[in-house]
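Could you use the hints to bring the two separately framed chains together as a complex?
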Amino acid sequence: MKTFEEKWTAWLDGHLTGRELAEFEASLPDKAAAETERADAKKLSTLLKRELAAHALTNEEFFSHQVRERIAREGVSPSRERNVAVPTWWTIRRLLWTGTASLAIFLILAIFVMRDKNPAEQSQYLTQILNARVDPVVSPNATVSMFEAKKDRVTVLWTEGLQSLPSDYAAR
Amino acid sequence: MARARPLLLAFIALIVSAVPGLRGAEKVWSGLVIAENVSQPQPIPPELTRIERPLKQLFGYNQFQVIGQSQKTLQTGQEDWLATSKFFGLRVDARGESEAGYILNLKLYKEKELLLETDAKLSKRSPLIIKGPQVGGGQLLLVLVVQ
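Protein chains in written order, with this note's numbering: chain V, 1 to 172; chain H, 1001 to 1147.
Careful, some of the hints might be misleading.
Cβ-to-Cβ under 8 angstroms is the rule here; a few derived chain V residues that face chain H [unchecked claim]: (1) Leu44; (2) Leu126; (3) Asp152; (4) Leu165.
In short, the hints are calculated from the structure, not lab data. It should be emphasised that the depicted structure is a prediction, and the values quoted were computed from it without experimental measurement. C-beta atoms are modelled at their ideal positions from N, C-alpha and C, and glycine is treated no differently.
Next up, chain H with everything else stripped away, as it sits in the complex (with noise of 0.2 angstroms):
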């Protein structure tokens, strides 16, 4: 029987990791970031590092800079956030939660004004980038991650 019993706990352990329904609530990061390139480049912000190849692959520059960001934890799946730079406000309403991830529609203001809109439908493994406009020599860039 003590045998049994660690056999049994890691069991169960495992099913529970394998049960989608049953994990935590998970943490959506959403950033407003410039994309420049400059001579002495700042390392990238920790949470762009798991897509810091791709961004430089495919936009070309060497710095990646956060302006604005907000971090929600999602309990249902239907909460909405905002995050802000000086300017810009990219405000987040999550509209369901999926086995896949959650559907969010997106607004990208600058000051008052909708730029952008969009809806997507986050995966908990694959990060969200989108082309903003050109500000300056750079690139505003909004980055949502399910961390």
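With the rest of the complex left out, here is chain V (with noise of 0.2 angstroms):
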């Protein structure tokens, strides 16, 4: 035995048939007024299934859901990451050009370094006197001695008492 409540919802939802709807019908106090309800219980349904279709996903579906995506973000970043990576200016042929010119410096800088560099001479850059004499009977009280003008880079063998000679002798 069906309560009203029972029966009510199944006629708004136009499943009584027959002899069932025939009584129901005539219990009701105002057929019309349960009419108007009727169709407005209909509207609102229509209006439900309509919005609410879209996001009908079951408990199952969503966590599903959930799932895939969190796998698929997870197994994809890196590789992504990996992909949009910064693009750095050192690229193999760079490095290899770089390395060769640093090592073509070095070479230069230290042949320079060794050419020049030798402390315990100073003749790799200023002439030295070895030795020198006069004659000692054509000019028996001579004397030399020698020096480095460091600034000129000059180095002169300087002489005293060699003999004086007329001004005839400064001819070409």
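This is the structure we're talking about:
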């Protein structure tokens, strides 16, 4: 035996038929108001179906959707990060060129330094007088000395007491 | 590859210029110079321009005239040569080349009379000046420069 509420719900949904429908509609105190209410219920039902259809996920579907999305995110992110890594200036070719150029600069500097560096001898850049002598018969009082004008990079052999000569000897 | 070629050439050029043994022959200029003080000094000869300042500062003269000279290109470092004026002769005997320069034996003659003899290691970057005898009011100087 159905209660009134059960019959009312079935009537609203259009599930009552035949004798049962006739008896129920006869029992309604105000059939016009009931028809209005049933029409409103249908409108509401239609509206809800339309609006909520896109989000109609069951719990299982929602859970598996979340899991799939998470797996995809964790699996794809690193490779995506690798693919979009910040481009670097140090390509292999540039590394090779830089290395070669550095080696060349080092060699050149090493050669220059080794060529110029000789702390034991100043003769690397200044002329050296190894020895000097004057004829003691021609110039018995002559003396020789030597010095370097380092500022001008000039070496001088300085003689004193050589025999003086007349100006005729300045002839070309 | 086209960009690499100039770089390679520049590198080789630098290496070649840096290695002393690969440089070409050098010239040695030898001169007999009379230094004097005159009221109207002549311009200094171009061969002495490089050492004009030390010449004037060290010897105190205002005019320098070349009375004899010789320019010798050294190939082996064993050459000898003579720079002469009317009365003087400077004989230079090269006795080898080192990294720093040339080893030279120098002899100054007055006609056939040896006045002075010296051995020197002439640097390629450093001229040699020898103060000779007094000549009149001036001074005879011997100058050797690697050009």
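Checked hints:
1. Because the closest C-beta pair between V:Leu44 and chain H is about 78 angstroms apart, greater than 8 angstroms, the hint is violated.
2. With 8 angstroms as the threshold, the beta carbon of V:Leu126 comes within range of chain H, its nearest partner Cβ sitting at about 5 angstroms, so the hint holds.
3. Checking V:Asp152 against chain H by beta carbon gives a least distance of about 4 angstroms; that is within 8 angstroms, so the hint holds.
4. This hint holds: V:Leu165 has a C-beta 5 angstroms from the nearest C-beta of chain H, less than the 8 angstroms allowed.
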